[in-house]
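For the sequence shown, position 17 matches number 17 in our numbering, and the numbering has no gaps at all.
Quick caveat, the hints were computed from the structure, so don't treat them as lab data.
Even glycine gets a Cβ: it sits at the ideal position worked out from N, Cα and C.
Hints are supplied without guarantee of correctness; some may be wrong.
Claimed, not checked - Ranges of calculated distance between the beta carbons of each label pair, as one might list FRET restraints:
no.	residue 1	residue 2	range
1	ASN132	ALA266	46 to 54 Å
2	ASP211	ALA72	29 to 37 Å
3	SER222	LEU59	20 to 28 Å
4	ASP178	SER277	31 to 39 Å
5	PRO47	GLU216	47 to 55 Å
6	GLY78	GLU189	42 to 50 Å
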Amino acid sequence: MSSHDADGTVLVAVANAETADRLLPTAIDVASDRSSRIVITYVVEVPAQMPLSGGEEFLDDEDRAMLDRARATVDDAGIPVESRIRYVRNLATGIVSGAAEYGADLVLVGWRGRPARRNVVLGSYVDVVLRNAPCDVLVKRIRSPDPDRIDSILVPVSSGPHAGFATDIAGRLARQHDASITLVHVVPEDVADVDREAATALLDRVTGRIDDVAVERVVRESDHVSGALTDETTRHDVTVIGASEAGVIRRRLLGTVSEAVGRHAAGSVLIAQRHPSRADRVERRHD
């Protein structure tokens, strides 16, 4: 399949061999399920006092070899692949502009899960990508190693606009690895019956988005949502959580639950954000 025949584009932003090794398996899984192409993008920041055309001096043979290996990895998986080097003034804006230029449907970036700093949610460049990307965004925490096998995937479910997208991503991964998915929704302790029924209905509705995958639905009672979800992650290989709207005024990007689970969860973590322009169209398809 040529890149022109592919159904959609996944832009993978790589900074070095480590990020390439950690991000490409996820990109391949996601792209394989939808017959998408992958555009591996290496962004080179050029100081303001230099012309962008002088950016090549910041590339060395190791960088080019890394891109060649990354492209070969995707090609060996049978996925249409291109690699691009972008010379820019700013890393985040280089990724965002690349997504627009290459017609990306999804941007995949890495995040080390470092402790929070004031006014910074995930990381300075990741925050900008989340805020400005013209498409869906998937953030992979690359602090901890990937599991040897993916047998079980956890999806914390809320009524927020990104939970459905997180479920879709989990479904793509599960189909590639013949893994099961556990959908979990946390309700307060001593919850009323009507609220428990609403939680069950929410999980049933989300389950309808998943094809050809074994799904378990769990309603947990806890007054500490992020703690309960973090505990649940210890029983799974991968956690895929949607960016939360809770705390959007204070944090502006990700809610505190998504941030806390993303930082403290066991195993691999993916945070999924659906672009507003796609949310209504995609959600109507699943109604």
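Tested hints:
Under the hint 46 to 54 Å, the C-beta atoms of ASN132 and ALA266, about 31 Å apart, miss the expected range. Roughly 31 Å separates the CB atoms of ASP211 and ALA72, a value that falls within the hinted 29 to 37 Å. For the pair SER222 and LEU59, the beta carbons lie near 50 Å from each other, so the given range of 20 to 28 Å is not met. At roughly 33 Å, the beta-carbon separation of ASP178 and SER277 lies within the given 31 to 39 Å, and the hint holds.
The hinted range of 47 to 55 Å is satisfied by PRO47 and GLU216, whose Cβ atoms lie roughly 52 Å apart. In this structure the hint that GLY78 and GLU189 lie 42 to 50 Å apart at CB holds, the actual value being about 49 Å.
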